[in-house]
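Quick note: the sequence shown uses numbering that gives the first Met the number 0, first residue 0, plus one each step.
Because the hints were derived from the structure by calculation, they are not lab data. Please note that the accuracy of each hint is not assured.
Taking lysine to aspartate or glutamate pairs in the DMTMM-like style, the calculated list, with each CA pair at most 25 Å apart, reads [to be verified]: (1) Lys77 <-> Asp126; (2) Lys155 <-> Asp52; (3) Lys97 <-> Asp226.
Here are the in silico distance ranges between beta carbons for each label pair [claimed, not checked]: (4) Lys155 <-> Arg98: 28 to 38 Å; (5) Asp219 <-> Asn75: 43 to 53 Å; (6) Lys90 <-> Thr157: 29 to 39 Å; (7) Lys222 <-> Asp93: 36 to 46 Å; (8) Phe54 <-> Glu197: 39 to 49 Å; (9) Asn190 <-> Gly122: 33 to 43 Å; (10) Asn185 <-> Val63: 26 to 36 Å; (11) Arg174 <-> Asn43: 33 to 43 Å; (12) Lys22 <-> Val63: 32 to 42 Å; (13) Asn43 <-> Arg81: 21 to 31 Å; (14) Val63 <-> Tyr210: 29 to 39 Å; (15) Val214 <-> Asn43: 39 to 49 Å.
All C-beta atoms, glycine included, are put in the ideal place defined by N, C-alpha and C.
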Amino acid sequence: MKRNLLFIGHRGTIIDYNENTLKSFEAAIKSGAQYIEFDVRRLNDGNLLVFHDAFIDKTIVGLVYLKDLTYAEFKNYKTKIRTADIPLLTKVLDKLAKRTKFMIDLKEEEIKNDVINMVVKKGLLKDCVICGRNYEILRITKKEFPKCQVCYNITKGTGLSLKEFIELGNQKNLRFIPDMISLKSNLIEANFIATCHENGIKALAWGFIKYANSVEMIKDLIKLQIDGILFDDHKNIKIIKQWLKRA
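Turn these sequences into a full structure, and let the hints steer you where they fit.
Here you go:
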């Protein structure tokens, strides 16, 4: 049974709070998350915003293209459902440093250096994982910043498909070995996890929100020796921790 599982709050939490907000991050941390995962995009003036979508239809103002806005124009926008503040990356890092670690998903490839330079300036490089869907960009990131951990989201990734990963990984012939690879939960089989482990990669699972039996799915993946779970529901973190103590 996997005992050193990574407990990761997916966008903080997607249940009970608006995703990618400080309240969602706080809920995940209080529930026992070791990492919070969140998305970053750039505003028109260069500010880095914690937000998932390119169009901000999740705010109270309706559909607006994020890149058209400066932070001065954006800062009073709230989330649509619970009218929560939408934070800048710098605020999240400052407020939560030393309380958790961070998995930062680059939604735009060109923000890579700005994000990492901010992390380095704040002395948080060892506490951050840079995530993305472009295998080559992550390879370059690791080359430029050797101490930076990277996670490849292979589900919709470019540059290395799941099939190619299994084939090349079994041959120990991967061009680049990321620190972690994340895959959507319903696609994970034992051979994916085994191939990760054979190449010194941590295997992560995400995407449980649509399933009524998400806790049982997580338990099954832990039995297969998954290394980390991105929890959509912060309450499931405590459930799984209690289950692991009894197992």
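Which numbered hints turn out to be false for this structure? Structure breaks hints 1, 12.
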